[in-house]
Structures are given as structure tokens and as C-alpha cells.
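Here is how the chains run, residue by residue.
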Amino acid sequence: MKSRRRTVLALALCAGLLATGCTPGVQSVSIASGTATQVVSSHVSWAPLIRALNKSETASMYKLQTAVNIQNGNLHTSFTVYGTIQQPNMASIQVHENNFNIAFYQQGQVAYQQDGTIWSPAQPVSNLNAYEGYRDIVEYATAHHLPLQKMNRTYVVDEYCDVYRVVVPNGVVSLPAFLGGVPGASSAELATHASEVAYVFYVGETSGYIRQIQTQSVGVVDSVGSLIMQTTTIFQDIDNAELAKVQIPVSLVQQLEQGVQ
Amino acid sequence: MAKSSKTVGLWIWYIFWALFANAVYVWILRPLVDDLALYGVLAAIAVILLWLSSLKRPIRRRWVIYTLFALMVAEGYSTLAFASKIKQGLVAVAMLLLLWLMAVIVGRVRPVASLLGGASVVIAQVFLPLNDWAFLTHFRVLQDAQVNLRVQNSPEAPFAVIPVAGGQAIITIDSHIPTLQELEQRAISATDSPDALYNVLQTAQGEYEIVELKSVGGHLKKVVPTPQELARVNPLDLVRAFFPYELANWYVDNGRVYEYLTPFLTDQQAVEAALDPAAYPASFQAIANQASAKEIANWDDCLAELGVKPDRAGVYVSDDRLMGLGAGRASAVTMQAESVVGEGHFTSSRDDQILLVGDNSLHVYDVNLGRIVASYQGSADNPVPNDIRIGPLVAGGRDAVFVNASPAYILTVSPQGTWRRVYTAPSQSFRFETVLTGVRPYPEILTNDPSYVRNSPVRYFSAYRFVPNANGTGQLVRVWRVFRTNVVNVTPLHLAGVPSEVLALDIYGTGDYLVISPWNVPVLPAAGVALLAIIVGGWLYRPRREGEEGSR
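Line order of the protein sequences matches chains A and B.
Residue numbers are given in my numbering: position 115 of the first sequence equals residue 115, and the series is strictly consecutive.
Residue numbers are given in my numbering: position 157 of the second sequence equals residue 157, and the series is strictly consecutive.
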């Protein structure tokens with residue numbers, strides 16, 4: 001009698017677990033990058049951030065990981081980049097534009113892009129310093145005496161960072177060359193048709209490099225309305241010759257060996 | 001005669017139980033876990049134990065196995081939703097027969113009756129898939145249909161709502177694969193630009209046709225839209241899933257409009273943009289401006305080819321000007337706003353007012369007064385997106401503004417034009433979908449929001465009532481919850497031939513769309529009472545002898 005009751009109980013437990021879909025699941029793991037949430041001081045000195053920028057600009061190699069997320073109605077679209085950069089003129093990166101994938105490889109005057117599986121010759125990119133654009137923001141902000149805020153200390157990738165935040169008008173950073181002079185891209189148009197941009201800089205406490213930059217802004221587009229735009233840029237393995245050295249993609253080597261340009 | 005009527009009764013009982021067990025699973029057991037996590041698992045176990053206790057030993061094995069069989073058949077068939085019709089049919093038959101054989105051998109269930117029960121859950125799902133049964137607790141499902149999408153670039157059917165005679169219709173996209181002859185014809189005539197042949201062939205297998213979902217006797221039917229109907233569409237409502245990275249290219253062929261996608265940036269440009277992260281906010285703003293201008297020019301070209309001019313429905317904003325206010329008023333008013341959210345009564349319950357979203361801001365434009373009467377400015381931290389709903393908070397009240405930022409919040413405007421945030425969502429993934437009026441004495445605020453107990457971001461389609469506090473802010477109190485996830489684009493529609501307002505919605509990631517209408521049939525309480533009655537009936541029931549199961 002007792003064993004029968006036990007069987008019923010076990011059966012009920014199993015049925016309960018099965019019927020409710022209560023089976024072991026995999027929890028997705030987020031990348032080890034934090035986000036600062038609170039402003040702890042509304043006015044701090046620019047010196048530590050400028051020092052970190054100076055140091056970062058001279059970094060000779062690093063891995064770069066970025067994401068641009070745009071919220072349009074209930075949908076989110078994204079542009080993500082993953083790559084390795086070695087100054088002054090070597091890079092190997094992958095770009096994902098929604099569901100289009102592009103790879104790009106450059107060494108000096110040699111450059112190739114990959115669409116699907118085929119590599120084809122490309123124009124080399126003249127400036128590969130991904131840190132350089134941030135100088136425009138710091139220069140604009142210091143020239144206009146914009147306040148630099150300090151946020152809570154945050155762990156990014158592999159070290160604790162001091163976090164600084166500044167809000168500047170959209171359009172103070174010089175745009176990539178192909179966007180120069182096109183309609184809707186002048187700094188005056190950007191400033192009037194987009195919100196200000198909050199830049200949050202994460203400065204590594206041990207390394208002294210800028211490790212992460214996040215931005216938050218609202219773009220305004222004709223017939224579409226306001227688009228919330230968030231970007232994240234993470235720098236890793238800075239000046240680590242073992243991990244951040246640019247290598248020729250294997251598929252490019254194979255294709256060129258077969259004599260297909 | 002008496003025996004055959006008893007057999008038929010038994011068959012009906014088996015069929016009922018197969019459907020009812022699945023309904024209990026979708027309406028009671030699964031929601032318990034979805035909403036209450038571990039507590040829900042315990043509650044579900046308790047319900048199952050109660051049910052098991054009502055099964056007397058001689059019939060226990062048979063009914064446990066039969067119930068599992070009915071649940072497995074239903075669940076199995078529901079996972080075939082994405083397969084082709086032929087595959088669906090073949091796998092369904094094979095699965096049904098195999099599971100039935102196992103049930104007959106292991107559970108010694110009645111062969112004919114249980115086969116009928118298994119078939120009935122499959123047939124029921126041809127009309128309404130198992131996962132969509134969840135809607136039945138609060139809605140009548142008028143239609144459950146599908147457009148064909150490639151979910152990697154369009155995870156949901158876009159809904160561009162346009163006015164038509166007698167009501168409204170939806171313009172959306174449907175996958176179109178050209179026939180071999182069509183393709184040959186198009187390939188050989190692709191001569192007008194250096195990359196014309198490449199464009200035709202590269203996108204041939206990934207094209208969409210612009211279609212209209214039009215009410216025919218209260219049912220949405222896929223038809224070819226007329227040029228006049230296409231002229232009323234804001235083309236940017238059709239491209240949100242991939243804007244601005246991919247460009248929709250529209251072209252007219254034989255009076256129909258087709259669409260193919262190309263990357264907006266060349267590879268070189270994408271790489272240049274990618275390598276300048278400091279400029280992202282400005283770069284993508286500029287890219288979006290250009291993509292929008294290009295889409296509109298392309299759409300207008302197609303309209304010209306069809307012999308019509310753009311005739312955008314209702315009021316809209318173009319080049320910072322408010323257009324379409326109608327005869328008798330200035331046709332355009334200059335203002336800093338980029339799109340119209342909708343019409344309502346925000347500062348006054350009499351005047352017609354238009355809510356506009358602009359440079360991270362909201363504006364209320366009073367049509368009677370002819371000027372902006374209230375403005376709300378967002379900030380970089382507290383942005384105002386273009387994902388906004390309008391509706392009253394209390395019956396007969398002025399309209400509030402429901403902003404889907406993260407977290408989402410509700411704004412009201414006083415008659416003096418001061419804004420107030422009266423509610424902030426407790427969870428980052430909380431979303432407002434629409435506000436239903438006229439069903440209950442109070443407006444029902446429809447949302448998609450996650451469980452408060454679980455730490456999972458999975459959202460369910462729910463309804464809340466706004467309860468004001470003494471200080472002017474308020475709380476949302478849950479009215480009901482439909483345990484269906486991935487419900488998006490919830491759009492109120494007036495359909496020709498249907499007296500009351502209905503809701504059209506998409507199921508994310510599938511191309512499925514449903515048209516539902518609220519009803520007040522107490523489905524859930526009735527199911528609970530029926531389950532209880534069956535359990536109590538089981539306790540009272542005495543099998544006459546071993547192996548005989550009578551009515552149970």
C-alpha cells in the first residue's frame with residue numbers, strides 16, 4: 001500500500017514537472033561588461049580622462065567590439081563590429097548589419113573585403129585609430145566648459161574602471177569621409193534634428209586605458225519620428241601582442257593561393 | 001441500439017477529455033508556472049495530484065496514459081507550425097499513429113475512442129494552433145492566418161493601417177518567389193544600370209510583394225492593393241525591421257508592387273563607419289536621414305508609375321510641416337516635429353488635438369486653436385521614442401500618453417499644459433500595446449509585460465486598469481492575462497462588416513497574424529469548475545469491477 005502511494009506521488013511529480021515545461025534550461029551569459037548607473041559627482045576634473053585618452057591614442061594594437069542598437073517602434077535593429085586593429089595600418093574586422101555580414105582585412109596598401117564567401121579587393125582605410133574621434137568630444141566639451149560627471153566605479157571585461165559622463169550636442173565629432181557633405185549630415189542639421197548625446201567613458205584603474213564607451217541619444221528622422229540610439233564600444237587586450245595581433249584570414253589566403261583575386 | 005449509443009457517448013467523452021486536458025494545460029497549468037515560478041510548479045503538482053487521486057485504481061493507468069497521449073499529440077503537432085503543409089500532414093499522421101500504438105500497448109487504452117481523441121486535437125489545431133488557445137480565455141479569435149516572411153530580415157508582418165470604404169485595412173508584405181519564366185524575363189530585361197542584372201538575380205529568391213489585408217465579410221483577405229490605397233501608405237511603416245541598415249527597393253510589375261532588400265551602405269562605407277565608434281550617434285543619424293529620404297523617393301516613384309500621387313492618410317509631418325489638416329484650414333503649419341502619433345483630447349476634452357513626436361519631445365497641437373498648446377522635452381537620459389500609445393486612463397477622461405521607453409511610463413497633460421508622469425513601469429521590458437475602451441466600464445490598458453515573480457524577461461499579453469492615488473499618480477491593477485508570448489503590433493481596427501472594434505496582432509518571428517475581438521464568456525472559471533466537477537465525480541465514482549471504466 002505504501003509503495004503504491006509513493007509511485008503515485010512520483011508519477012505526479014514527474015507529470016507536474018513535464019507538463020509545466022520545468023526542465024533544466026540554459027541561462028544566457030552576458031559579456032563581462034558592466035554599465036554604470038548612478039552619477040556620484042556632478043563636476044570633476046577633466047585631467048584623468050584626458051590622460052587616459054592620450055595613453056589610449058598611442059596604443060599600438062587592440063581588439064575592438066562595438067554595437068549600435070536602434071529602437072524603432074517595437075523593433076530593435078543592430079549594427080555590430082568585432083575586430084583586431086594594429087596601428088598604423090593593419091586591421092581585420094567583421095561587420096554585421098542586421099543580417100548582412102561583411103569582413104574586411106587590411107595590411108598597408110593591401111585591402112580586401114568579403115561578401116558572403118568571396119574576397120574582393122577594397123580601398124584601404126586611411127585612419128585606423130578608433131580612439132581618435134573621442135578627442136573631438138573632449139575638446140568640444142572643455143572649450144565650452146561642459147561639466148564632466150563621475151559615475152559609480154564599474155567592472156568592465158577584466159578590471160575596475162572609473163566612469164565619466166559628459167553630454168554634448170550631436171554632430172561635434174567629425175564624420176567618416178563618405179558622409180561628409182551629404183544632406184542631413186552637417187553638424188548644424190544634426191544638432192537640430194537629434195538630441196544631445198551622453199558619452200560615458202570607462203577608464204581602467206589598472207591599465208589606464210579607456211576600456212569602454214557607451215552613448216545614449218535620440219535621432220529624429222523625417223516620417224519615422226524619434227529613434228532611441230544606444231551604442232557600446234569595448235576595447236580589449238590593448239597592447240597585448242599575443243592576443244591583439246592582426247592575422248591574415250585563412251579563407252583569404254586560400255582564395256589568393258588559388259589565383260582568384 | 002443501447003450499446004451503440006453508449007459507444008458513441010464514450011467516444012464523445014474521449015474527444016472531450018483530449019481537448020479539455022489540453023485546454024487545462026494551456027489555460028491553467030502552464031500559466032501557473034509562467035507567472036508564479038516555483039510556487040506555480042507546486043500548485044500545478046497539487047492540481048495533478050488531486051486529479052490522480054480521483055482516478056480509481058482499475059482505470060488509473062488507462063486515463064493517465066490517455067491524457068499523456070492527448071497532450072503529447074497536441075504539443076507535437078504544435079511544433080510543426082513552420083513546416084510545409086505536406087510535411088505537416090505526413091508527420092502528424094505518423095506521430096499520431098505511433099503515439100497511439102504506444103498508448104494502446106502500454107496503457108491498454110480503448111483503441112477507437114483514443115484514436116478519435118488524438119485526431120480531434122490535431123484537427124482542432126488546424127483551426128487554431130494550441131499556443132493560440134490562450135487567447136480564448138478573453139477573446140474570440142476571428143482569424144488566425146499567415147503571411148510568408150523570411151524571419152531573418154522581417155521577424156513580423158509590418159502593419160500599415162489605411163482607411164478604406166467602410167473601415168480600415170492593413171498593408172503588409174508577403175514573400176514572393178518568381179516563376180522561372182518571370183525570372184528569365186526580368187533577368188534579360190535588366191539593362192538600365194551596371195548592377196541591374198546582379199540586383200535581379202541576387203535578390204530573386206528573397207522578394208516580397210506588397211499586399212493588402214482587407215475585410216471581406218469580417219475576415220481579412222489577402223488582396224492586391226489598388227494604387228489609390230498604396231498612395232495612402234507611409235512607406236516607412238513597412239521597413240522598421242531593418243531600417244536603416246537595409247534598404248527596401250520597390251518596383252512595379254504588372255500593376256503590383258514588389259520589394260527586395262539591399263544593404264544601404266556599401267561594404268567600404270560600412271567598414272569606414274564601423275571603425276569610427278566616436279561618431280556612431282551622428283553617423284547613424286545621418287544614415288537614417290538619407291535612408292528615409294531614399295525610401296520615400298522610391299515609393300513615390302512607384303506611385304507615379306501607377307499613376308497616383310502620394311495621398312498620405314490623415315495628418316502627417318513632412319519637412320517640419322504638419323500636413324493634411326483638411327480643407328478650411330491652413331494645409332501646412334511649420335513646426336519642429338517629425339511624426340504624428342495620433343489624434344486625441346489631451347488638454348481639453350472637446351477640442352481635436354494631435355500628438356506629435358519631434359526632437360526628443362512631444363507636442364500637442366490643437367486643431368481648433370491652430371497652435372501647439374503643450375510640449376514635453378525628453379533628455380539624453382530620459383528619451384522620448386517613437387513608440388507611443390494614446391488613450392484615456394479613466395472612463396470619459398482626457399487622453400494620456402503611454403511612452404514605451406525603458407522603463408515605460410504614462411504622461412498626462414493638465415488643461416494648463418503641464419506634464420506629469422503618473423506611472424512608471426516596474427520592469428524594463430514592460431510595454432504598452434493599446435488602450436481598449438467600451439468593453440468594460442473602465443479603459444483596459446493592454447500591455448506585454450513579464451512575470452513579477454520570475455526573473456525571466458518573457459512577456460505575456462495582459463490588461464490593466466488604472467487606479468488613481470490621492471496625489472494624482474496611480475497604479476495599474478491587473479485585469480487579465482493571456483499567457484501568449486511574442487504578441488506584437490497590437491493594432492485596433494475597424495473592419496467593414498464588423499460592428500465593434502477588433503484587434504489585429506502579429507506573433508513575432510512567425511508571420512502569423514490574428515484578428516481577435518474581446519468577449520466576456522467566463523471561459524477560465526468554467527474550465528476550473530469543470531475540472532473540479534470531474535475530480536469530485538471521480539471520487540464519488542465506483543467502478544463496478546476490475547477493468548470496467550464506465551463513463552470515466
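Source of the hints: derived by calculation from the structure; they are not laboratory data.
Hints should not be assumed to be uniformly reliable.
What the hints assert, rightly or not - Chain B stretches covered by chain A per the calculated footprint, using a threshold of three residues with CB under 8 Å from any CB of chain A:
id	segment
1	240-254
2	273-285
3	381-394
Claimed, not checked - If we take Cβ atoms under 8 Å as the criterion, some of the chain A residues that face chain B in the derived model are:
id	residue
4	Leu75
5	Phe79
6	Asn101
7	Ile102
8	Val110
9	Ile118
10	Ala122
11	Gln123
12	Ile137
13	Tyr140
14	Gly171
15	His193
16	Asp222
17	Ser226
18	Val246
19	Gln247
What the hints assert, rightly or not - Across the chosen pairs, the derived CB separations fall in these ranges:
id	chain 1	residue 1	chain 2	residue 2	range
20	B	Arg371	A	Glu139	38 to 46 Å
21	A	Ser42	B	Pro163	45 to 53 Å
22	A	Gln109	B	Arg256	42 to 50 Å
23	B	Ser189	A	Gln258	45 to 53 Å
24	B	Gln268	A	Asp136	54 to 62 Å
25	A	Gly180	B	Pro407	53 to 61 Å
26	A	Ser41	B	Ala196	55 to 63 Å
27	B	Lys309	A	Val253	52 to 60 Å
28	B	Arg140	A	Ser41	34 to 42 Å
29	B	Arg350	A	Ser45	54 to 62 Å
30	B	Lys309	A	Gln38	47 to 55 Å
Ideal placement from N, C-alpha and C gives every residue a C-beta, glycine not left out.
For each hint, the structure was consulted:
Remark: the segment 240-254 of chain B is confirmed as covered by chain A, as 7 of its residues place a Cβ nearer than 8 Å to a Cβ of that chain, reaching the required three. For the segment 273-285 of chain B, the stated coverage by chain A holds: 13 residues have a C-beta nearer than 8 Å to a C-beta of that chain, and at least 3 were required. With a cut-off of 8 Å between beta carbons, the segment 381-394 of chain B has 6 residues touching chain A; three or more are needed, and the interface restraint holds. Annotation: interface hint on A/Leu75 holds; nearest CB of chain B at approximately 5 Å, less than 8 Å.
Against a cut-off of 8 Å between C-beta atoms, the interface hint on A/Phe79 holds, since the closest Cβ of chain B lies about 6 Å away. A distance limit of 8 Å between C-beta atoms decides the matter here; for A/Asn101 the minimum to chain B is near 10 Å, and the interface restraint is violated. A hinted interface residue such as A/Ile102 counts as satisfied when its beta carbon comes closer than 8 Å to some beta carbon of chain B; here the least separation is about 5 Å, so the hint holds. Interface restraint check: A/Val110 against chain B, minimum CB-CB distance 14 Å, threshold 8 Å, status violated.
Checking A/Ile118 against chain B by beta carbon gives a least distance of about 11 Å; that is not within 8 Å, so the hint is violated. With a least beta-carbon distance of about 6 Å to chain B, the hint placing A/Ala122 at the interface is held under the 8 Å criterion. With its C-beta approaching chain B no nearer than about 6 Å, A/Gln123 sits inside the 8 Å limit, and its interface hint holds. Below 8 Å, beta-carbon pairs count as interface contacts, and A/Ile137 has one with chain B at about 7 Å; its hint therefore holds.
Proximity of A/Tyr140 to chain B is violated relative to the hint, the smallest CB-CB distance being about 11 Å (cut-off 8 Å). With a cut of 8 Å, the hint placing A/Gly171 at the interface with chain B holds, because the nearest CB-to-CB distance is about 5 Å. Interface restraint check for A/His193: the shortest CB-CB distance to chain B comes to about 6 Å, inside 8 Å, so the restraint holds. Because the closest C-beta pair between A/Asp222 and chain B is about 5 Å apart, less than 8 Å, the hint holds.
At about 5 Å, the closest approach between the beta carbon of A/Ser226 and any beta carbon in chain B falls short of 8 Å, and the interface hint on this residue holds. Contact between A/Val246 and chain B, as hinted, is not supported at the beta carbon level, the nearest pair being about 13 Å apart and thus beyond 8 Å. Taking 8 Å as the C-beta contact cut-off toward chain B, the hint placing A/Gln247 at the interface is violated, the least distance being around 18 Å. Here the CB-CB span from B/Arg371 to A/Glu139 is close to 41 Å, well matched to the stated 38 to 46 Å.
One distance hint, 45 to 53 Å for the beta-carbon pair A/Ser42 and B/Pro163, holds here, with the actual separation near 51 Å. Range check, A/Gln109 to B/Arg256: Cβ separation about 48 Å, and the 42 to 50 Å hint holds. About 35 Å separates the C-beta atoms of B/Ser189 and A/Gln258, a value inconsistent with the hinted range of 45 to 53 Å. Checking the proposed 54 to 62 Å range against B/Gln268 and A/Asp136 shows it is violated: the Cβ atoms sit about 23 Å from each other.
Taking the beta carbon of each, A/Gly180 and B/Pro407 are about 38 Å apart, not inside 53 to 61 Å as hinted. Hint check: A/Ser41 to B/Ala196, Cβ distance near 59 Å, so the stated range 55 to 63 Å holds. Our hint of 52 to 60 Å for B/Lys309 and A/Val253 holds, since their Cβ atoms are close to 56 Å apart. At roughly 58 Å, the beta-carbon separation of B/Arg140 and A/Ser41 lies outside the given 34 to 42 Å, and the hint is violated.
Distance hint for B/Arg350 and A/Ser45: a CB-CB separation of about 56 Å, consistent with the stated range 54 to 62 Å. Separation of B/Lys309 from A/Gln38 is about 53 Å and conforms to the stated range, judged on CB atoms against 47 to 55 Å.
Of the numbered hints stated above, those contradicted by the structure are hints 6, 8, 9, 13, 18, 19, 23, 24, 25 and 28, listed in ascending order.
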